Amino acid sequence: MENRLRGKSAIVGTGHAGFGEAPGLTAYDIMAQAGLAALADAELKLSDVDGLFCTMMEDSMPALMAAEYLGIRPRFVEGTMTGGSSFVNYVAAATMALEARLCDVALIVYGSNQRSGSGKLVTASRPPPYEQVYQPRYPISAYALAAARHMHEFGTTRQQLADVAVAARAWAQHNPEAFARGDLTREDVLASRMVSDPLTVCDCCLVTDGGGALVMVRSERARDFPKPPVYVLGCGAESTHRQISQMPDFTVTAARESGARAFAAAGVSPSDIDVVELYDAFTINTILFLEDLGFCKKGEGGAFAEGGRIAPGGDLPVNTNGGGLSCVHPGMYGIFTVIEAARQIRGDAPGLQIANVDLALAHGNGGTLSSQITAILGSENTL
Amino acid sequence: MHEGPDLAFRKGLSEGRIVLPKCDACRRFHFFPRVVCPHCYGTLFTWREASGKGEIHTTTVVRRSTNQGGDYNVCIVELEEGVRMMSRVEGVPPPDVEIAMPVIAYAGEIDGTPAVLCRPEGS
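Residue numbers (our numbering), protein chains in the order written: chain A, 177 to 559; chain B, 127 to 249.
Take the hints with a grain of salt, since some may be wrong.
[To be verified] According to the in silico footprint, chain B covers these stretches of chain A (three or more CB under 8 Å from chain B):
no., stretch
1, 307-317
2, 322-330
3, 364-374
[Claimed, not checked] Computed Cβ-Cβ distance ranges for the label pairs, DEER-style:
no., chain 1, residue 1, chain 2, residue 2, range
4, B, D197, A, G247, 42 to 52 Å
5, A, E197, B, N193, 27 to 37 Å
6, B, R174, A, R418, 24 to 34 Å
7, A, S447, B, R153, 18 to 28 Å
If you're looking for bench data, these hints aren't it; they were derived computationally from the structure.
Computed from a predicted model, the values in this text were never measured in an experiment.
Every residue, glycine too, gets a C-beta built ideally from N, C-alpha and C.
Bound conformation, chain A alone (with noise of 0.2 Å):
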């Protein structure tokens, strides 16, 4: 099928503030500074934003919220909130606003203080009807029922697990962004404190302050802006579910789906791409996505994904700012899969740089393994 969007946006600036730990500063002080700092990437100001794509970990009305803290009147906004993939969504929703003409220059952006702020998740969100009264850990215990069912079914093991958070933490050590970056082993991993079985504390993603932005604009201009543009090739989205008890198939994700769309968009396949950046936000996750987007068979992640091959010199570079689990996690990570995306095409990583990225594909997940969304990027050469 052929993508009339395909190429037709690119992102221009790419921004973050406040990692690791942000004291003092509110969620929205380090929106503001993630989105001035992609819009400084881009040489451009605040009063050229007239497309606003944000959620936030607050508030009932964020985007709103966030405009009126910018200072700015956007002709479109949108916030729908699909959890930490709500911002590889907004990829897929600026573009369509850009080549609708409903804006000119869209900024995604993102901010929450979640550990300075409170030390624990913020939510304004009531719990899960069904659930609740059980006491799960959220949002660990959904992803431990995915993972115990997962190794059910393929004899998935701790241990590959507990490779996925040394990986993690491999690529981190070269990230001087990154928020974790001590030693690792295999052994620290299984020994650390369980949480919720399988998932130990070290399974799980780092908690955070930080913030994120991209400014994208139709391609028609993209190369008026100082640094080299990303285009957006494709993208594909599918929901499942809310709460993890309504999940059809606890060892398979949308990302089945989201991947496929989002590859026939682009017109490429799994072995085009040469980096992967996937929302971790349990180790679990990296060995789902990775089946799931044709990375491998379905119940051969925690083997792909074992003894370095998603690590620095691996087979195939994974998370490659450190993810999730040793890179950042304020709350919600998704627009920083996309961020690590662009910057490893543009050459500018703050981490180890891959050779000559001309395609990276970023992937959102949001609220437990309920929204799946793919966004495939691409350098000049892939147009």
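Please arrange chain B on chain A, whose structure you already have, making use of the hints.
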């Protein structure tokens, strides 16, 4: 007062019964209760009491300090009617709960709130 599907389920549970909606059109059960069948989009249902027979689809042990009550089980149970829901297995140490274990689901309560609980079959 009209009794909606959520209320009907919770009322059943508080009276000691697990009741499930069965779609009049496709004859399949679903959970959670709602006004439209997620299988065929039918809107007419008949409530049936679940047999209680089921098996553990997946399971976790939520770790908690002893002075806060200690570890406990959280699981997904699949009932023989074909529906899955979150539950807890009681009466066995949490780490002994295994996937595919046959269980009997029953209406109980957690901290005073009605809930679907499970016990190992034959116990």
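CB of B:D197 to CB of A:G247, is that within 42 to 52 Å? 51 Å, holds
Against the range 18 to 28 Å, how does the distance between the Cβ atoms of A:S447 and B:R153 compare: consistent or not? 45 Å, violated
Outcome, coverage of the stretch 364-374 of chain A by chain B - at least 3 residues whose beta-carbon is closer than 8 Å to one in that chain: Per the Cβ count (6), the hint holds.
Okay, A:E197 versus B:N193 on CB: inside 27 to 37 Å? Since A:E197 and B:N193 have Cβ atoms about 30 Å apart, the given range 27 to 37 Å holds.
For the stretch 307-317 of chain A, count the residues whose Cβ lies under 8 Å from any Cβ of chain B; is that count three or more? holds (count 7)
Taking the Cβ atom of B:R174 and the Cβ atom of A:R418, is their distance within the range 24 to 34 Å? 26 Å, holds
Within 8 Å of chain B's CB atoms, at least three CB atoms from the stretch 322-330 of chain A: coverage verdict: Our answer is that it holds, as 4 residues pass the Cβ test (under 8 Å) against chain B, meeting three.
In summary, the one numbered hint that this structure violates is 7.
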